[in-house]
Amino acid sequence: MIWDIFNYIGIAAFAISGAMMAMEETYDLFGVYVLGFVTTFGGGVIRNILIGLPASMLWEQKIAIYTALTAITITIITPMLWLRMWKRLLVLFDAIGLSAFSIQGALFAVDQRLPIHAIMVASVLTGIGGGLIRDVLAGRKPLLLKEDVYAVWSMLSGFIIGLHKEITDVELFFVFILVVTMRMISVHYQLKLPLKIVWHN
Amino acid sequence: MIWDIFNYIGIAAFAISGAMMAMEETYDLFGVYVLGFVTTFGGGVIRNILIGLPASMLWEQKIAIYTALTAITITIITPMLWLRMWKRLLVLFDAIGLSAFSIQGALFAVDQRLPIHAIMVASVLTGIGGGLIRDVLAGRKPLLLKEDVYAVWSMLSGFIIGLHKEITDVELFFVFILVVTMRMISVHYQLKLPLKIVWHN
Amino acid sequence: MIWDIFNYIGIAAFAISGAMMAMEETYDLFGVYVLGFVTTFGGGVIRNILIGLPASMLWEQKIAIYTALTAITITIITPMLWLRMWKRLLVLFDAIGLSAFSIQGALFAVDQRLPIHAIMVASVLTGIGGGLIRDVLAGRKPLLLKEDVYAVWSMLSGFIIGLHKEITDVELFFVFILVVTMRMISVHYQLKLPLKIVWHN
Chain A
1 MIWDIFNYIG
11 IAAFAISGAM
21 MAMEETYDLF
31 GVYVLGFVTT
41 FGGGVIRNIL
51 IGLPASMLWE
61 QKIAIYTALT
71 AITITIITPM
81 LWLRMWKRLL
91 VLFDAIGLSA
101 FSIQGALFAV
111 DQRLPIHAIM
121 VASVLTGIGG
131 GLIRDVLAGR
141 KPLLLKEDVY
151 AVWSMLSGFI
161 IGLHKEITDV
171 ELFFVFILVV
181 TMRMISVHYQ
191 LKLPLKIVWH
201 N
Chain B
1 MIWDIFNYIG
11 IAAFAISGAM
21 MAMEETYDLF
31 GVYVLGFVTT
41 FGGGVIRNIL
51 IGLPASMLWE
61 QKIAIYTALT
71 AITITIITPM
81 LWLRMWKRLL
91 VLFDAIGLSA
101 FSIQGALFAV
111 DQRLPIHAIM
121 VASVLTGIGG
131 GLIRDVLAGR
141 KPLLLKEDVY
151 AVWSMLSGFI
161 IGLHKEITDV
171 ELFFVFILVV
181 TMRMISVHYQ
191 LKLPLKIVWH
201 N
Chain C
1 MIWDIFNYIG
11 IAAFAISGAM
21 MAMEETYDLF
31 GVYVLGFVTT
41 FGGGVIRNIL
51 IGLPASMLWE
61 QKIAIYTALT
71 AITITIITPM
81 LWLRMWKRLL
91 VLFDAIGLSA
101 FSIQGALFAV
111 DQRLPIHAIM
121 VASVLTGIGG
131 GLIRDVLAGR
141 KPLLLKEDVY
151 AVWSMLSGFI
161 IGLHKEITDV
171 ELFFVFILVV
181 TMRMISVHYQ
191 LKLPLKIVWH
201 N
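Chains as they are written, first to last, in full-length UniProt numbering: chain A, 1 to 201; chain B, 1 to 201; chain C, 1 to 201.
Calculated directly from the structure, the hints in this document are not laboratory data.
Using N, Cα and C, we set each Cβ at its ideal position, and we do this for glycine too.
Any given hint could be a false lead.
To be verified - FRET-style restraints, in silico, Cβ to Cβ:
1. A:Trp3 x B:Leu90: 48 to 58 Å
2. A:Pro115 x B:Arg84: 21 to 31 Å
3. A:Ile2 x C:Met184: 55 to 65 Å
4. A:Met184 x C:Glu171: 36 to 46 Å
5. B:Trp3 x C:Leu143: 46 to 56 Å
6. C:Leu69 x A:Leu92: 29 to 39 Å
7. C:Leu89 x A:Ile63: 47 to 57 Å
Claimed, not checked - Below, computed lysine-lysine pairings styled on DSBU-like, alpha-carbon distance capped at 35 Å:
8. C:Lys192 x B:Lys62
9. A:Lys141 x A:Lys62
10. B:Lys165 x A:Lys141
11. C:Lys192 x C:Lys141
12. A:Lys87 x B:Lys192
13. B:Lys87 x C:Lys141
14. C:Lys141 x A:Lys87
15. A:Lys192 x C:Lys141
16. A:Lys165 x C:Lys192
17. C:Lys62 x C:Lys141
18. A:Lys192 x B:Lys141
19. B:Lys146 x B:Lys192
20. C:Lys192 x A:Lys146
21. A:Lys62 x A:Lys146
22. C:Lys87 x B:Lys87
23. A:Lys146 x B:Lys146
24. B:Lys141 x A:Lys62
25. B:Lys192 x B:Lys87
26. C:Lys87 x A:Lys146
27. B:Lys192 x A:Lys62
28. B:Lys165 x B:Lys146
29. B:Lys192 x C:Lys87
30. C:Lys146 x A:Lys141
31. A:Lys192 x C:Lys192
32. C:Lys192 x C:Lys87
33. B:Lys87 x B:Lys146
34. C:Lys146 x B:Lys141
35. B:Lys141 x C:Lys165
36. C:Lys146 x C:Lys87
37. C:Lys87 x A:Lys87
38. A:Lys87 x B:Lys141
39. C:Lys165 x A:Lys146
40. B:Lys146 x A:Lys87
Just chain A, same shape as in the assembly (with noise of 0.2 Å):
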């Protein structure tokens, strides 16, 4: 229950944030709800074909299609200062998504009895790939691999979970948490990744 509003608070932030992108670049009415559910499901898709799944188990998501829907046309009627009133609560339902999205991935991996390595990679896919092939279709650069820790926190979720693949529902709520408050950290900090390690020459 409290799971399935998390993941819900994620696909809105998702979509929101994609539905938001497309209008800084001015796509039209038809092209911001594409770049919402494609930032919202895309993870999800990829993270399928990787594993083994099904992509077509994305139509079985109803709830989540009219959810993300909604959000984003929320976000079109929405004033555009309000939206950048809101831009702090947005990096909180971001950050809320990020980690349901991550967790939901890793266990999806485990489900199909995958390797470790394979389980990280399902976490990172699903809690940044939308995000990436937005980034892609919006003609940028992907800034979730260059601008700030955000990936880095995902993949934790899934080398935990991988570590210890009979979690109990209590210890998966501490990774949630986990996640969700290192990355709030890591905004309010500005912390960044190292770039190469560097040298004189």
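Using the hints, position chains B and C against chain A.
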């Protein structure tokens, strides 16, 4: 029979559009063929993956592959000036392709007993997916999502077929004519979908 | 045995090329690993999808994954100056990878009893698919389709294997040497495929 003709006209139009964009971007001969093929077949491959059909169905479409090959080769050996003169004709061919591909995509989704939202997505993916991949591989922002009313007519065909799954061939033909007509009207009057609803802020 | 060596040399070369491009684009450490992996394994995943093999075969290639991981790590800790000095060696490694990957792709397609055009596409996808995804994720126009004669040699191996499906290991070895040699000649003489045939217009 008449379906096949529309379908092959669409294949040729999509292949030509990919090849022309590759030439504008000064891709080499190999790149021209790659972009032509990707534009023609990319949408169908993505649709198959998403509606649970094997992507390897691609290889059975022998005549389609040779049609695309021929269209690309003709594009390469035709003087640029002529290609420019044919531009209006190409717009019509492209509209025929959009319509034929979209209807074909919707019918595949109906065969897979998918719900109406999946049928609409299958239409759009088949109709515009190849063009999206073309734009990404050419390093351009996807104009399909930006410039003029294009994908919406594709989705309209999916919507109609999704509502009337027992559609007859004659009705399908009317849907086909409807999409082609709406697309040509959009081009002629340079219709645009609205961007974000603008507020003072 | 010798195949395996060529294959791992190719894996290392592709991983290094992805990691180096990520560093040029100032991606963070995580982005460097992502781009390295995508360059190495992306082509094989797309090929598997298109020829009807499960994409999840990826996870069985344990040694390949560790090889890529090691190559990326070495790239990160090696001074840039040295990497530049090794550039000529990397071109050779990359040619070995192109050849080994292309042949492997063709053999998979032969196993799937696909027709010759599918075998040629499988060769090219395995040989250059990872590089294409790398360029797209790095926000660059794909040079593979533009700059010099690269993908054609990959396709040549698919063509030869498609014609002689009962090919022996010795013959395969000659195909391998042929592709590596042709690629190195292309680099040395800076061969280019023609662009569009130009007319006065």
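Of the hints given before, which are not true for this structure? 2, 4, 5, 10, 16, 22, 29, 31, 35, 37, 39
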